[in-house]
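K.L.:
Protein chains in written order, with our numbering: chain E, 1 to 641; chain V, 1 to 297; chain W, 1 to 242.
None of these hints come from the bench; they were simulated from the model.
Among these hints, one or two may not hold up.
What the hints assert, rightly or not - In the SDA-like style, the derived pairs of lysine to any residue whose C-alpha atoms are separated by at most 20 Å in a straight line are:
hint : chain 1 : residue 1 : chain 2 : residue 2
1    : E       : Lys96     : E       : Val196
2    : W       : Lys80     : V       : Asn184
3    : V       : Lys264    : E       : Pro225
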Amino acid sequence: MSQYVIGLATTGVILSIVTLALNVRWGWAGEFDIALFAFVAVGAYIYSVFTLAPNNLPPPSGYILGLKAPFLVGVIAAIVVTGALSAAVGAVALRKLRDDYFGITTLAFALILALVIGQYTPLFDGYEGLFGMPQPLATVAPFGLNGGNFLALSVVFLIASFLVLQRLYNSPFGRAVRSVREDDTASAAFGRNVYVLKLKAYILGGCVAGLGGALLAAYITAFNPYGWTPQETFLIYASLFIGGTGNAIGAVIGTFFVEVGVQEVTRYVPQLGNNASSSDAIRLVLIGLLITAVLWWRPQGILPERRARDRLVAVGAGPVARRPALAWAAHFGPAARRAEPSSPAVATPPDRVPAPAVSPAAARTNGDDTLKVRALQPPAPAPGGQDLEVTALTKAFGGVKAVNGATLSVRPGSLTGLIGPNGAGKSTMINLISGFESPDSGTIMFGGQSIAGKSAHAISRLGLMRSFQTPREWPGLTVMENMLLSMPIAGRETVWRGLLTPGRLRAAESADRIRARELLGEVGLLKLKDEPAGNLSGGQKRLLEFARLAAAAPRFVLLDEPQAGVNPVLRDRMAELIRNMVNGGATVLMVEHNLAFLEQLCDHVIVMALGVCIATGSMADLRANQDVVDAYLGQVNVADA
Amino acid sequence: MSNLMLGVGFGLVTASILALATVPLSLQMSVARIPNFAHGEILTVGAYAAYVVNQHVNNIYLEALAAALAGGLVAYLMNALLLQPFARRKPKLLILFILTIAASLMIQNIILLFFTGNSLAYHLPASPPHRIGPFLLTGLNLFTIAAAIVVMLAVHVLLKYTKFGKAQRAVADSKDLAQVTGINSERIIQVTWLLDGLIAGFAGFLLGVSSGTLTPTLGQGYLLVIFAAAILGGIGKPYGAMAGAVFIGVAMEISALYIPASYKEVVAFGLLILTLLLRPNGIFAAPRAAGAAGATA
Amino acid sequence: MSPMPDEPYLTVKDLTAGYGGPPIIEGITLEAKPGAITAIVGPNGAGKSTLMKAIAGVVRPSAGEIRVCGTTTTGLTANKLVAQGMAYVPQVANVFPSLTVAENLEMGGYTRKSGVKARIEELYTLFPDLRAAARRSAGTLSGGQRNMLAMARGLMSDPKVLLVDEPTAGMAPKFETAVWEHIVQIRQTGVAVLVVEQNTRRTLTYADWAYVLVLGKNRLSGSPAQLLNDEEVVALYIGGGA
């Protein structure tokens, strides 16, 4: 191969690594980061700083550590420093910013960095840049001199990055990050700390970008600010859009297409007049057109994100680690149908104590199972008391008091309804209890513990979960992935586990997959398990939501208009599912407008009007209550205030 | 102290150009809801259009007119040919933002194609500095400041007293309510983009004059500074944009007295980051209420 | 009360509409006569707001027909309906907060060929509170004043049909009376007022005719006297009935 072609291939390979980095931030996590190339540059500079010898450089040279470190040390240093910088920038920028403002913020950080590096020459010699970095293996025969060795080395790094990232992508961590991209509200409702997940993805992307930068510096053996501008980031975006957002192989294909292919093709365009930059200009106009065309005709790119396949790992000798299911969820599934009809719900169902940390059946003979399942430790309800107690809760939006000193309580193990005319404050109440809004004043006690003002994901982890008026699933993920994400988290979604123990994770998830199939079968969605959840009909999404809540098995379930938008033929099924929840020991508080539906399920109903709770009792009681009738039908004679 | 006043004087020139560049962005964002990443390119287009005229005649008014018309045309077409067709598919707002980035790439490089990357300059009449009070300003400086004041006044009159201006403010408040009132919101948005381009193109010309050299990245280099001023003043508040521009312009020039001048922009970028994080609705509005993660159902 | 001519200004036939999924309203048929208040009531989730939006051109109906004074208006975008004589007063976001009261009214008269100032004067007479607040920006008004402004804005175009979506929502009771008195005055001028309301009983004391919607379909209709005493209506709201 000629040296020129080797050079092209090397550029393509190194930039592919950078595109993989962008794929983590944008493809996995949906973070529109414009600072990417700044991290590449930092990687390049750090590599240089570590690997250069002090006497190789023009003055001033006090900044160079003069370590003359070996190649790998430089690479590792680059990865570590870029990771740290990503943590710093991400910690600030990932606070709730809308997508375009996030992009602009990252761009601002990148430009500040560029300015400082360019202007403050003692740091990295400003616009002169650094040069003389050693290229590893350059002098090793037979391919050293024409760059073949380095190409091979780069390919090794590309393959390594690819494999590491694929492993993480397929791990629970990767799935959790993708769920945040799909619907971060649903992720929070199912116990995820969205901010932390996004930050981890941002750092991971940064580390890979740093690796790319180190390789770039080693390849070019020189580096200066002119080589990294926002434009470089946009070229990487073009590579990813065209190749396939979310698809690692697509990322590599797209990179070769844009950075190598388009580059080469436009090189052959004859120079226009005496414009030395004409082919560059044509190239970039072409790329702008390509981005537009892709977004118009095929936004998913050449290779769309691969759909997750649902495979059960063959279980070896020994029982499969069975997740300790909270009792009520056991009422879903074939076993439930065979069982006796359950006795009416009692105040404290006997087997609500969570199973021990490690199911005995899972103990392996070769020592401790490092996958200690951290079972949920929900607070036990106050003795003889209420599961949920709301006292004098207020919440105003811009001067309008949506909830105005409301007080209510819910008995453990009950199926309670919450009704009221429009504008009564029911939705706000649900949002306040579940942590999606924080109250202005008042208290919310869940099992004796105060939860007012806690974040949604923390409350979800305490065992109080909710559904939404319009079902919120993760539309781009399959139904099975939706179910897997809804199982109790139990410490599986860390990067380390994803990286180091994929086999054990897969085995543990097998139990979840079996359980998920049971639950999907219960709601009639089993044959759709590999469909993207966004393709389901409204009623199917609602059923999926129920299955997901069954998977999560929280102690307290808030249902927000569960039968809204659902085909009447499914209503009976839904009523049965709700009854199952309570029969198994969960407490359910249900907001509904369809009073006939609610009446068949709830013995106890709370009425809200104008932000306060005005009455409680059975539906029959409430119908006879003049205040309630007035609240619904309105009053004719109004007292003059 | 006199150094400070000199700084303020230069600050007024910077602020004038910045105001002329920021107000149209604020108007555009008030109806389009996304920042136009190609806004800088509209300035560049204006500067180069004026250059073309300048090669043939040396008339500052014709140059200004050419700049405005070119800017207006490009802005109008960008919306009509690129953004509105995509908008009909109701995509995520981020997609529209990405499209403006693609437009920015294309426009900048089309200019590179036609004009090369060499630094160009206007042939301008000599303009010695005069002492005006504590300030030291050239004739062109004065023209810039005066032009900015005139255009700002014109925008004020347009928005406050004309039927179009009121309809524009109505559409900025609520596109849907405006439709219901009988206003053709789409048409108002198109004209807003045209207006945006006319003013921004003119601002580009003044920027070219002030910076002395033209390159295809002229406008883009200024982009984040303009965003900083627009967001600081509050999107959709043209008067806020003026205030934001003055603040950022003067802050930048005064900071140049204390830190090396080449770091001026760091001040603007830093202010941009702070504003986006703490006061995304501008310093004149209430801070966004910090709530729990996730939206209401 | 002036005698009512029999030709309805607004006829809706078999209207079906939704937001992309299953329809929220199906097969709705109703009429609104000039110089009369026609009320649309019904329990939660009945689709009353969606019905308003479909008539007003904000939501595109998937089936059915809407006619204003004989002209078919189905499928027209909202801004063209103003010229056809229809005005819509939404429940929320019904004024332009950064415009003054006077400017809001001017926008209401956007499609008028002439006489904007004169019409504003007439409306100030009908809504004296607005005259006092003419120069204030609408964002500083109280909820009740905003609803008044929204209605006045709707009247600026001399509509034949005025659609009002929950004018008394979130209002203190004493303001409710004021709002209804204004609606009655509007009726006197011959406009066909179609009103959606939450406070059913109150509405029925003012309306000339009422339709009760349940789960997106026509259920009952009749004169308020009939409906006020009908047990079936109560049952529709809180169950327990047939």
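K.L.:
If any of the earlier hints don't hold here, list their numbers in rising order.
P.N.:
none
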